[in-house]
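> The residues making up each chain are set out below.
Number of protein chains: 4
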Amino acid sequence: MEYGKTLRPGLVQIRVLDLEKTLDFYTNILGLDIVGQTSDGRVMLKAYDEFDHHSVTLRKADEAGLDYVAFKVDSRDTLELMARQTLGFGYRVHEIPANTEQPGFGKRYSFKISTGHVFQIYSDVELAEKGPQIINPDIWSEQPRGMKAQRMDHLLLYGPNIAEAETFCKWVLGMFVPEVCNNPDGSRLASWITSANKPHDIAFVEFPEPGKIHHVGFYLNDWHDIGNAADLIAINRLELDIGPTRHAITRGQSIYFWEPSGNRVEVYAGGYTAYPDNPQRVWDASEIGRGLFYYSAELIPSFFENVT
Amino acid sequence: MEYGKTLRPGLVQIRVLDLEKTLDFYTNILGLDIVGQTSDGRVMLKAYDEFDHHSVTLRKADEAGLDYVAFKVDSRDTLELMARQTLGFGYRVHEIPANTEQPGFGKRYSFKISTGHVFQIYSDVELAEKGPQIINPDIWSEQPRGMKAQRMDHLLLYGPNIAEAETFCKWVLGMFVPEVCNNPDGSRLASWITSANKPHDIAFVEFPEPGKIHHVGFYLNDWHDIGNAADLIAINRLELDIGPTRHAITRGQSIYFWEPSGNRVEVYAGGYTAYPDNPQRVWDASEIGRGLFYYSAELIPSFFENVT
Amino acid sequence: MEYGKTLRPGLVQIRVLDLEKTLDFYTNILGLDIVGQTSDGRVMLKAYDEFDHHSVTLRKADEAGLDYVAFKVDSRDTLELMARQTLGFGYRVHEIPANTEQPGFGKRYSFKISTGHVFQIYSDVELAEKGPQIINPDIWSEQPRGMKAQRMDHLLLYGPNIAEAETFCKWVLGMFVPEVCNNPDGSRLASWITSANKPHDIAFVEFPEPGKIHHVGFYLNDWHDIGNAADLIAINRLELDIGPTRHAITRGQSIYFWEPSGNRVEVYAGGYTAYPDNPQRVWDASEIGRGLFYYSAELIPSFFENVT
Amino acid sequence: MEYGKTLRPGLVQIRVLDLEKTLDFYTNILGLDIVGQTSDGRVMLKAYDEFDHHSVTLRKADEAGLDYVAFKVDSRDTLELMARQTLGFGYRVHEIPANTEQPGFGKRYSFKISTGHVFQIYSDVELAEKGPQIINPDIWSEQPRGMKAQRMDHLLLYGPNIAEAETFCKWVLGMFVPEVCNNPDGSRLASWITSANKPHDIAFVEFPEPGKIHHVGFYLNDWHDIGNAADLIAINRLELDIGPTRHAITRGQSIYFWEPSGNRVEVYAGGYTAYPDNPQRVWDASEIGRGLFYYSAELIPSFFENVT
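Chains as they are written, first to last, in my numbering: chain Z, 1 to 308; chain Y, 1 to 308; chain A, 1 to 308; chain L, 1 to 308.
Just chain Z, with the same shape it has in the complex:
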């Protein structure tokens, strides 16, 4: 099997408690644009620098959390092949016809992985009306707002048997694993996994409860914009989890905080350029405090708590 077939995580559906207040956060503070609303009242959003129809769907629910993440793959052939390989891997695969539930999206395949998370794959999606320019393009059409999120970037998921999830991402999704953290007995504590040059598209932490999410990460331009995001957290009286700080793992500069519905959000910048031929970085569990929070060099208690 080969790396490079999966392009990126292209869509997350997030559960929110107070749709109006939370939407205000995603649009006016984080800086996403509203693409539209589905017939059942969910709201579709995208970052200003994304080409595809939408990347975030908010669904009003009684509990915060992640419904699913969908990965875009590079062709219909790849999509069909991966669906078969997923079946072969032992997961039940459910087909979602085009334009069902997620306007603009082609056919998706949906399945639950070992960690209890619902993954989806798709190859086709309409371009957004308000994507980046392509003819003699300016760097943006409208000055980015608020935290100036450029794209939905990655997710950190918590659940059991992440070793299997990692294997699935490599064998079926064709991703590679730039960085891992191992327990003293050699088992995986955490894994950072990517499709191409970003240091991670998805990460897993071993956790007894299935299907939990630590955060969705949105990409900002640089450390300066991390500072700007921190200012906005303060001014808008959002609750900080940790940061501004840096991860030694991925090298990304980061803030974790809570949006109004209680989903943890990361704004993230920097990070190394990952290549599949580079040696894998390996962390000992005893060093993960430093690995995650390089400046304080301690694991904050909330890192293994408050996952939704």
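Source of the hints: derived by calculation from the structure; they are not laboratory data.
One thing to keep in mind: the hints can contain errors.
[To be verified] Heads up, incomplete: computed chain Z residues facing chain Y, CB under 7 Å, no partners named:
no., residue
1, Trp223
2, Gly227
3, Ala230
4, Ala234
5, Leu240
6, Pro244
7, Tyr294
8, Tyr295
9, Ser296
[What the hints assert, rightly or not] Partner residues aside, some chain L positions facing chain A, computed with beta carbon under 7 Å:
no., residue
10, Trp171
11, Phe176
12, Pro208
13, Pro210
14, Ala230
15, Ala234
16, Leu240
17, Tyr294
18, Ser296
Please read these numbers as outputs of a predicted model, since none were measured by experiment.
Cβ coordinates follow ideal geometry from the N, Cα and C atoms, glycine included.
Given chain Z's structure and the hints, the job is docking chains Y, A and L onto it.
For chains Y, A and L alone, kept in the frame of chain Z given last:
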């Protein structure tokens, strides 16, 4: 009395436990240059962007802390006038002849203020050999090292009766007070005081024990260099106190951490441009957590502890 | 005479050709706020981080350029003293009663200096309704717009006999001169002059025609915001003069460009902290290309042209 | 054929006139590390954040310029397949045995493409002794020097028939083309080509003379480090070509300047995240001035001159 007579805090003498290891921090990590050593073994240092002979003296001692801070004033006349006014204010004034204890420095007057700290004033000091260029000057002569501290910037002192100390700084030193924090009964909890456009040259927090210091602050160029300083704290395994963060008070971007002898150091950037005609900013004690640590919006316990 | 009496340049009145289009630049691109309109149709503006009533007045006229600059001084006593000293210096002084022509401003004195520019001084001005917060203040009330100009910062004026203008600024306005450029015969080619810690509040270049202005400079936070300003110049199809670049003189990071009426504007960040006791920096005229445009190290032709 | 097989440009051999002086630039100013010297006196260098043995070889010669660029591919199978496909494409392919001329490198295949440039491909290279850490890694082992180049990033090549070169990069090297510039007659004027998420690994400009190079680009962290690089250009009296500026094409922030042997170097930061499924950006030749130099929006004459 008039503002503008005091130029800036020009010299601090700091007690260190392990001179060699601590000196390695001040030179190779913080980025100061060694100016020389006194006959009794103290080490004189300066930042690359300071003109005067030296700004920091390290003295080996059994306890960390501050021996004294000396303020440069704008003329010999001012120096003599201030010495008389200090006497008139009720403090005992001690004259230190030129080139005594601090090579390169002219006559100093020394006195203890209400908070138990030793203040000094002087008007004359030799220029450093290795100061900024003045003829067709480049922006620096040698690429700044480590955290790239530009200057010794300010101090935060803890002690009793800061209201009197604030009055002394205004009436005798001719400084003004851009920002204060008051207790519910209207008494001062903290005060930020400056000679000119920097938001503070010195600050006080009311504290039962006299003569304590919270930190000496060194000025960095901007938020980017704050991030670089945080990287150096991590890589050199220095102990972080808090940050990178921002103060709403002064608006400065900041990290507090501990140098090897246990003195808390701040690296600081930004901050508003202060003017004596601008309204004074006033904080309620109940809001000081947000005022000091704008992002977490909570007072960390160490803020009233671990003062040396 | 003493430095420190003048606080800063607090008001400029600028002539614009197309008021509507130019106002769009000053508000939506540069980021100033409209304070109001005078009865004769001029528009008053201020930057988000200025406390006083307004700092920029735009007047529709047939030619771009500067009507006058007004300096705020620290007290009514100083104002009266300076008016008398200005007379004594040999300039005719004209009194402008409070609230005449510039709403919110107290009494001003107006006079023409050797370079042909109209200077004014005043000590009283009302606070703006929309100034920075002062009770438990956030760092701003409304996220800064566009280029995020923090304040009207300085001016560069062209005219004859700048040596006399420099002397006037020192002797009467109590300013000092951190940096100069001299011709081979020792005469002044240019002079940078300040009231306190900013490297310049005003600068002069010797020029045969009187009363010309090279640019008004607005202060941005840092080099990052200089880059953001350059992006906005590009996207809004404004005409660039030079930059992003750095001045070795003042060390400021800078862009010069043209607003829609043909006034050159500078956005400026950084710059050293000036002190009156520091040695004066001195440039040879032969090095002024490098001094002004440190990166290309050449004087661009427009530097001595296109002054309005 | 499939994208993703080529990893990146991994090695350039550059001709220099004055080896000692030029080496001082590459090590002390640009910030590369010396890996060693070949038996015939060439010097091998690498950036601090590169894992492989070396990425730049300097060869003393009578003329500046590029000897060749070598691309790393993802496996030996790919290497052999690409060699056959290159032959099939019509180019003569020359095998260079392992450890010949470039210590540490496995077998390379060498061939000349339509533009007159020598390309090489290889799949194996030893890891550098001084690469990034991999066990509980710090973000770097030694504080980056000078301009802090992180990696050799890309090249801009000039020569005839770039349309064929672009096709070769797509069909044989498996790259894709995020951005192009077309002449009014629809023919290619320029092409930006990449292996994965970087906006370009290599670019071509149509030019009558074969085998010319415009620049080698080195990656810096962000716009702040572009400013730092500009400071170092000024202080070290290097000759600037253009910048600091931004390309609308790739969105990268950039400076072009000349190293002591007359090779143009770019320091580059930012740039969008490229994906093969995103629409191709297309520029009209009439807009290329703005596309290349977004801030001045004019093509500088040297862009089509001084290629070596």
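> Now tell me if each hint is right for this structure.
Against the structure, the hints come out as follows:
This hint holds: Trp223 (chain Z) has a C-beta 5 Å from the nearest C-beta of chain Y, less than the 7 Å allowed. Interface hint status for Gly227 (chain Z): upheld, as the beta-carbon distance to the closest one in chain Y is roughly 5 Å, under 7 Å. Contact between Ala230 (chain Z) and chain Y, as hinted, is supported at the beta carbon level, the nearest pair being about 5 Å apart and thus within 7 Å. A least Cβ separation of about 5 Å between Ala234 (chain Z) and chain Y falls short of the 7 Å threshold, and the interface hint therefore holds.
Here the hint on Leu240 (chain Z) is kept, as its CB sits about 5 Å from the closest CB of chain Y, short of 7 Å. With its C-beta approaching chain Y no nearer than about 5 Å, Pro244 (chain Z) sits inside the 7 Å limit, and its interface hint holds. Contact between Tyr294 (chain Z) and chain Y, as hinted, is supported at the beta carbon level, the nearest pair being about 5 Å apart and thus within 7 Å. Evaluation of the Tyr295 (chain Z) hint against chain Y yields a held restraint, the C-beta minimum of about 5 Å falling below 7 Å.
Among the interface hints, the one on Ser296 (chain Z) holds; its C-beta lies about 5 Å from the nearest C-beta in chain Y, closer than the 7 Å criterion. At its closest, the beta carbon of Trp171 (chain L) sits 35 Å from a beta carbon of chain A; the interface hint therefore is violated under the 7 Å criterion. Because the closest C-beta pair between Phe176 (chain L) and chain A is about 26 Å apart, greater than 7 Å, the hint is violated. A distance limit of 7 Å between C-beta atoms decides the matter here; for Pro208 (chain L) the minimum to chain A is near 29 Å, and the interface restraint is violated.
The interface hint given for Pro210 (chain L) is broken, as the beta carbon of that residue sits about 32 Å from the closest beta carbon of chain A, more than 7 Å. Of the supplied interface hints, the one on Ala230 (chain L) holds, with its beta-carbon coming within about 5 Å of a beta-carbon of chain A, less than 7 Å. Because the beta carbon of Ala234 (chain L) sits about 5 Å from the nearest beta carbon in chain A, less than 7 Å, this interface hint is met. At its closest, the beta carbon of Leu240 (chain L) sits 5 Å from a beta carbon of chain A; the interface hint therefore holds under the 7 Å criterion.
Checking Tyr294 (chain L) against chain A: minimum C-beta separation of about 5 Å stays under 7 Å; hint holds. With a least beta-carbon distance of about 5 Å to chain A, the hint placing Ser296 (chain L) at the interface is held under the 7 Å criterion.
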